Amino acid sequence: MFSKDIYINRRQRLKDKMNKGIALILGNIDAAMNYPDNTYHFRQDSTFLYFFGLDYQGLAAVIDFESGEEILFGNDFDIDDIIWMGPQPKLKDNALKVGVTQTHPLSKLKEIVSKAHQQGRKVHFTPPYRGENILKIGDLLNVNPLKVKEMHSIEFIKACVSLRSIKEPGEIEEMERHMAVAYQMHTTAMKMAHPGVTEQQITGILEGVSMSGGGPISFPIICSVRGETLHNHVHPNTLKSGDLLLVDAGSESPLHYATDHTRTSPVGGKFTSKQKDIYQIVVDTNNAALAATKPGITYKEVHLIAAKTMTEGLKSLGLMKGDVDEAVAQGAHALFMPHGLGHMIGLDVHDMEDYDQRLVGFDEEIQPSTQFGLAALRLGRRLQPNFVVTNEPGMYFIPDLIDQFKSEKKFTDFINYEMVETYKGFGGIRIEDDVLITETGSRVLGERIPINPEDVEAMVQSGK
1 MFSKDIYINR RQRLKDKMNK GIALILGNID AAMNYPDNTY HFRQDSTFLY
51 FFGLDYQGLA AVIDFESGEE ILFGNDFDID DIIWMGPQPK LKDNALKVGV
101 TQTHPLSKLK EIVSKAHQQG RKVHFTPPYR GENILKIGDL LNVNPLKVKE
151 MHSIEFIKAC VSLRSIKEPG EIEEMERHMA VAYQMHTTAM KMAHPGVTEQ
201 QITGILEGVS MSGGGPISFP IICSVRGETL HNHVHPNTLK SGDLLLVDAG
251 SESPLHYATD HTRTSPVGGK FTSKQKDIYQ IVVDTNNAAL AATKPGITYK
301 EVHLIAAKTM TEGLKSLGLM KGDVDEAVAQ GAHALFMPHG LGHMIGLDVH
351 DMEDYDQRLV GFDEEIQPST QFGLAALRLG RRLQPNFVVT NEPGMYFIPD
401 LIDQFKSEKK FTDFINYEMV ETYKGFGGIR IEDDVLITET GSRVLGERIP
451 INPEDVEAMV QSGK
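In this text, residue positions in the sequence shown follow the UniProt record's numbering: the first is 1, and each later residue adds one.
No lab work stands behind these hints: they were computed from the structure.
Quick caveat: nothing in here was measured; it's all calculated off a predicted structure.
Check each hint, because a few of them may be wrong.
Straight-line C-alpha distance at most 27 Å; calculated DSSO-like pairs for lysine-lysine [as the list claims (entries may be wrong)]:
# : residue 1 : residue 2
1 : Lys409    : Lys464
2 : Lys122    : Lys20
3 : Lys274    : Lys315
4 : Lys240    : Lys464
5 : Lys122    : Lys17
6 : Lys276    : Lys464
7 : Lys122    : Lys110
8 : Lys4      : Lys92
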């Protein structure tokens, strides 16, 4: 945990933004994997972690925005728990670690929340994403659980987003420190990218690197020679010479802050001429996005700068043609990059995405697009110092998408389909960094994982 003053200050800033009703912040409980005593690795709710910091099961909290009260609910461990888990601190002692002096057994939660609800006071909560908490809120408010998600508080979400978007010095230090684990994960994958190695072997080693570094993976690892499938979580292939290995992987720090990087490596340690041409365009696009990422610009603008850089590169290879600005304006480049440039990152790998991505990534000024490709952009709003974002341009040759665009005669003024046909089977390349917005620009957090083609080749070859 951080120091208790951090949590006290966060809750006070939240109270400064809210003046009516109460906040209900539920922690998580264990989730059964295949029977009740065999559970998934416990992960505390990120909103609860942010405001209350305690990283164990069966907790809930209420903040009264009118009286200023802060109450932590939970049960002390009994002797059966202690036999299996060892000695455990009392709830009141844990509460003091985060600056809370008022505690109650979990059974008291319904009395307090129901009373506020019956008095017509707003009960603020963020959208629950686990079935147990949906049922619990339904019980607390005496409403059908199917209606619970509709009752979340937009005002509360916006207050949380405004606080959590700006990373505190301690959060940045925690994220920066854990970038060393991310570096080790991805350079390990590069060194293993040799013929005869399986995707599953690499995936297993990377999970071990993450755990050895202090925490579990921050999302299921993408490790695939079929990089044109954007979120490919299966690992059935054996690497062979000429393949490109795309690895999108991250780790959680001891305080649950995520890393999220992608690198694409030539199996065996040498790009073909064709691969190197495409790879260099993605590197150039990544670097152009990094140079553009700074306070005051909207991330939508950064995305479009990346799209233009990529389009210029594709045009130089004869895969695209025509006016670059017009091609991007119409969305022709999305045949090759049908996703957004990046997203916020913090306590969640897609930070705060449980709230509502439109409220996290967009605002009154910048609204989501409906254009194919651009519609997948998770973050469009104006950047501020101490935001942390991912820059992750990618270029993919997806046969089904190529066939669809071609059959519909889409963007024939901008796409050279005859040339594109020769790239079917190429796969995909994505390159992703975690980037801190500074007062004057931006910088990659931690030591930058090898990105230039020569450096990637050398890293792969060093694993022979």
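Hint numbers contradicted by this structure: 1
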